[in-house]
Amino acid sequence: MTQNMPIPELNQRNVLGSALASCCFAPLTGYYRNGFCHTGERDIGQHTVCAKMTSDFLNFSASQGNDLITPIPELGFQGLQPGDYWCICALRWIEAYNHNIAPPLKLEACHESLLDLVDLEILKKYAL
Numbered sequence: 079m080t081q082n083m084p085i086p087e088l089n090q091r092n093v094l095g096s097a098l099a100s101c102c103f104a105p106l107t108g109y110y111r112n113g114f115c116h117t118g119e120r121d122i123g124q125h126t127v128c129a130k131m132t133s134d135f136l137n138f139s140a141s142q143g144n145d146l147i148t149p150i151p152e153l154g155f156q157g158l159q160p161g162d163y164w165c166i167c168a169l170r171w172i173e174a175y176n177h178n179i180a181p182p183l184k185l186e187a188c189h190e191s192l193l194d195l196v197d198l199e200i201l202k203k204y205a206l
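Quick note on numbering: the sequence shown equals residues 79 to 206 in the numbering used here.
Simulated from the structure, these hints should not be mistaken for laboratory data. Some hints here could point you the wrong way.
To be verified - Label-pair restraints from in silico Cβ distances:
| no. | residue 1 | residue 2 | range |
| --- | --- | --- | --- |
| 1 | Phe103 | Asp145 | 16 to 24 Å |
| 2 | Asn144 | Glu119 | 15 to 23 Å |
| 3 | Asn89 | Pro149 | 28 to 36 Å |
| 4 | Asn89 | Ser133 | 33 to 41 Å |
Beta carbons are placed, not taken as given, at the ideal position from N, Cα and C, and that holds for glycine.
Using the sequences provided together with the hints, build the complete structure.
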């Protein structure tokens with residue numbers, strides 16, 4: 079994430095059609111680090127999925143080249159643990175789903191653009 083990033087449009091919606099709820103403020107998540115899975119044209123990775131981290135998912139993500147466990151203090155990232163909520167990339171969630179290790183979802187905080195990639199009925203099966 080870069081500094082001085084433009085603030086996203088704040089009236090974005092979730093996969094259920096209502097206002098996008100917050101995902102997590104501690105740790106502070108989201109592409110824009112505002113606690114929401116907001117997205118915009120600069121969010122190439124589509125950080126639109128609010129997921130509750132599991133050991134299986136964190137290890138899978140690390141094996142795919144995205145280590146969310148190891149702290150990066152110089153970026154203010156303390157690393158994630160099972161039970162933390164985090165806005166993850168839509169395609170990474172789909173990869174995990176295809177490997178039967180998709181983490182559970184906070185649907186109210188998943189951006190509606192996820193529906194372009196995954197059917198709502200599938201998402202509901204992973205709802206917390």
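With 33 to 41 Å as the target window, see if asparagine 89 and serine 133 comply at their CB atoms.
For asparagine 89 and serine 133 the Cβ distance comes to about 36 Å; the hint holds.
- In this structure, is the beta-carbon distance linking asparagine 144 and glutamate 119 contained in 15 to 23 Å? Given range 15 to 23 Å: holds, Cβ gap about 21 Å.
Taking 28 to 36 Å as the stated bounds, is the beta-carbon spacing between asparagine 89 and proline 149 within them? Taking Cβ atoms as reference, asparagine 89 and proline 149 lie about 34 Å apart, which means the hint holds.
- Query: When you take the CB atoms of phenylalanine 103 and aspartate 145, is the distance between them in 16 to 24 Å?
  - Reply: Roughly 22 Å apart at Cβ, these two residues keep to the hinted range, so it holds.
When the structure is compared with the earlier hints, no violation turns up for any of them.
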